[in-house]
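Peer 1: What follows is each chain in one-letter form.
Number of protein chains: 2
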Amino acid sequence: MYTYEELYKLFSNHLGKQSFSKNPKELYEPIVYSLSQCGKRLRPIFTLMACDLFEGNIQKALPQALAIELLHNFTLMHDDLMDQSPIRHGKETVFKKWNPNMAILAGDALYVLAYDYILQADLEILPDILSTFNKTALKACEGQQLDLNFENRKIVSLADYIEMIRLKTALLFGASLKIGALIARASTEDTQHIYEFGINIGLGFQLKDDLLDLYGNEKVFGKKTGLDIIENKKTYLFTKAMATADPETKELLLDYFHGKELPEKEKIRYFRKIFDKLDIEKLTNDAIYNYLNTGLEKLDMIDCPEERKQTLKNLAHTIISRKK
Amino acid sequence: MYTYEELYKLFSNHLGKQSFSKNPKELYEPIVYSLSQCGKRLRPIFTLMACDLFEGNIQKALPQALAIELLHNFTLMHDDLMDQSPIRHGKETVFKKWNPNMAILAGDALYVLAYDYILQADLEILPDILSTFNKTALKACEGQQLDLNFENRKIVSLADYIEMIRLKTALLFGASLKIGALIARASTEDTQHIYEFGINIGLGFQLKDDLLDLYGNEKVFGKKTGLDIIENKKTYLFTKAMATADPETKELLLDYFHGKELPEKEKIRYFRKIFDKLDIEKLTNDAIYNYLNTGLEKLDMIDCPEERKQTLKNLAHTIISRKK
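Protein chains in written order, with my numbering: chain A, 255 to 578; chain B, 255 to 578.
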């Protein structure tokens, strides 16, 4: 069994060996830039871990893990442009550093390149991998569309919010693991279990993201907190607050959410006060641990020695209890 | 053998049977809109014709033809946004009718959907089709990047221009035919011949596009002529003129190209006068017919009865001698 650190290194080495610096350089520079942003590489590492869990050949999973990372970076590049987000991982996003056209075109090319790696799968599993990959990418587009739609809606239900992050974020976590399982020729049942494990961890991951944005410790978190409130994002915290509050508090939330007259710090303080009164931090944490537990139940159902599941369990816990 | 009209009908019926009207509707409406623009459907019909030439099963070529059409529409949707082109086929382009985000996201979804149709290929030919499709899409991105780069360059050589349209336009013509040949299990040699036939017809197609923009008969052409000159596009006409002109005329061309002080009609008249003096219409027509003839030579080399090649020959001639 490989550890997270070993898989991180394996994946980074594999990524480093690819040559994306081609011509025209204007097209490939943003691709190299985007792929060099060192995140946690959770999704490709999930692919490798799932493959390893079912005793598959890690070498065969590397191209597929890379395809997953390219897909992820493609969605980030386009989403950052659509959302007008200037910063990611502490660096300028592609449309800011270059221009919108570069973000569109380099994003397109990233996604095309992903299929070159998908294509390296053994022929017998190629259709399954390709179909999983496509479905996930299409659902990510649908999720992004819902997210954009939410900007123009006054009220978003909790169920609508969960559906949006399921499509936009969680299914990719699930698919990353599922593709690893397919490469290792896991049984249909086990492949489905690990897919659902991933979806649940993905949902928990996104809720934790929302939580840290307000309740993170700025020194550990490394970013200012409360940005989602400043940007009027309908996160889990806000959606949950709206679902929990009495009619009067609901009106207050809506008033201050849509009226932008408050100074930033005051607005954050104001929302925080209401959220605290409604116990939103605890309620969100409960939801996060619910997803973690549901995910772990799915992992339990997988038919393989318990000790092989330990690295995935650890990673799930790390993701859920992360401080940044 | 099917005629162009029969294949057009077959393809339109197949396209009509697909249901792209899904939720969220904001994502799928631009897709339905884009696919309903009735162009000549040259690329998917090329796929069907190539399959028919080699006595393949047209039914099996329909999904692949659709994938080609989706890829084509995806590139149009993104290119129109990048080029800020407000009109296509006499209708507003997606970014104009909706907004830039919709053009990005619906374009992405179109491209993802294309792979669902690619996936329907017989397993034994899936890798070849997938690899041809990917390569073509990546080269189209590279071509679009070169096209964007040209906007910022004072001088573009004829060779650079041809390379750009080869990547951006001609390779897709080639790939459309190649994929049809792959479905019909044509020999490697014949598949290569029809690919090159397509590339040459694609180059001729684009040069004819450039030619009609200035020398088209407005009544037949259905659009105003001279738009490329107004928009300072470095077309084949301009590039050829720059390659042919004496140093003095070259300077004049560059001055009027980059100085925008002339009224539109006068600017067109001015360029037309220089182009006429340099015999650009004839030189462009010569180049177009050179590509046609090179293409037809490739078609001649294909090992199948001459009479089976007639519909492809006719279509090539129609494309090259079109008036709009």
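The set of hints was computed from the structure by calculation and includes no laboratory data. Be a bit skeptical, because a hint or two may be false.
For chains that are exact copies, the list does not tell them apart, and a pair is met inside one copy or across any two.
[Said to hold, decoys possible] In silico DSS-like cross-links for lysine-lysine, where the CA-CA straight-line distance does not exceed 30 Å:
(1) Lys521 x Lys350
(2) Lys276 x Lys408
(3) Lys350 x Lys536
(4) Lys563 x Lys408
(5) Lys408 x Lys279
(6) Lys351 x Lys408
(7) Lys521 x Lys271
(8) Lys263 x Lys408
(9) Lys408 x Lys531
(10) Lys279 x Lys487
(11) Lys473 x Lys408
(12) Lys478 x Lys389
(13) Lys531 x Lys276
(14) Lys276 x Lys487
(15) Lys487 x Lys578
(16) Lys350 x Lys487
(17) Lys389 x Lys271
(18) Lys263 x Lys527
(19) Lys563 x Lys350
(20) Lys314 x Lys519
(21) Lys567 x Lys279
Peer 1: Hint by hint, say whether it matches the structure.
Peer 2: Comparing the hints with the structure gives:
{"no.": "1", "hint": "Lys521 x Lys350", "verdict": "within (27 Å within a copy, 36 Å between copies)"}
{"no.": "2", "hint": "Lys276 x Lys408", "verdict": "between (46 Å within a copy, 23 Å between copies)"}
{"no.": "3", "hint": "Lys350 x Lys536", "verdict": "neither (37 Å within a copy, 45 Å between copies)"}
{"no.": "4", "hint": "Lys563 x Lys408", "verdict": "neither (43 Å within a copy, 61 Å between copies)"}
{"no.": "5", "hint": "Lys408 x Lys279", "verdict": "between (43 Å within a copy, 19 Å between copies)"}
{"no.": "6", "hint": "Lys351 x Lys408", "verdict": "between (32 Å within a copy, 24 Å between copies)"}
{"no.": "7", "hint": "Lys521 x Lys271", "verdict": "neither (47 Å within a copy, 52 Å between copies)"}
{"no.": "8", "hint": "Lys263 x Lys408", "verdict": "neither (45 Å within a copy, 46 Å between copies)"}
{"no.": "9", "hint": "Lys408 x Lys531", "verdict": "within (22 Å within a copy, 64 Å between copies)"}
{"no.": "10", "hint": "Lys279 x Lys487", "verdict": "between (36 Å within a copy, 22 Å between copies)"}
{"no.": "11", "hint": "Lys473 x Lys408", "verdict": "neither (33 Å within a copy, 51 Å between copies)"}
{"no.": "12", "hint": "Lys478 x Lys389", "verdict": "neither (35 Å within a copy, 43 Å between copies)"}
{"no.": "13", "hint": "Lys531 x Lys276", "verdict": "neither (55 Å within a copy, 40 Å between copies)"}
{"no.": "14", "hint": "Lys276 x Lys487", "verdict": "between (38 Å within a copy, 26 Å between copies)"}
{"no.": "15", "hint": "Lys487 x Lys578", "verdict": "within (19 Å within a copy, 49 Å between copies)"}
{"no.": "16", "hint": "Lys350 x Lys487", "verdict": "both (21 Å within a copy, 26 Å between copies)"}
{"no.": "17", "hint": "Lys389 x Lys271", "verdict": "both (28 Å within a copy, 20 Å between copies)"}
{"no.": "18", "hint": "Lys263 x Lys527", "verdict": "neither (43 Å within a copy, 64 Å between copies)"}
{"no.": "19", "hint": "Lys563 x Lys350", "verdict": "neither (41 Å within a copy, 51 Å between copies)"}
{"no.": "20", "hint": "Lys314 x Lys519", "verdict": "neither (50 Å within a copy, 62 Å between copies)"}
{"no.": "21", "hint": "Lys567 x Lys279", "verdict": "neither (42 Å within a copy, 38 Å between copies)"}
Figure legend: structure checked against the earlier numbered hints; hints not met, in rising order: 3, 4, 7, 8, 11, 12, 13, 18, 19, 20 and 21.
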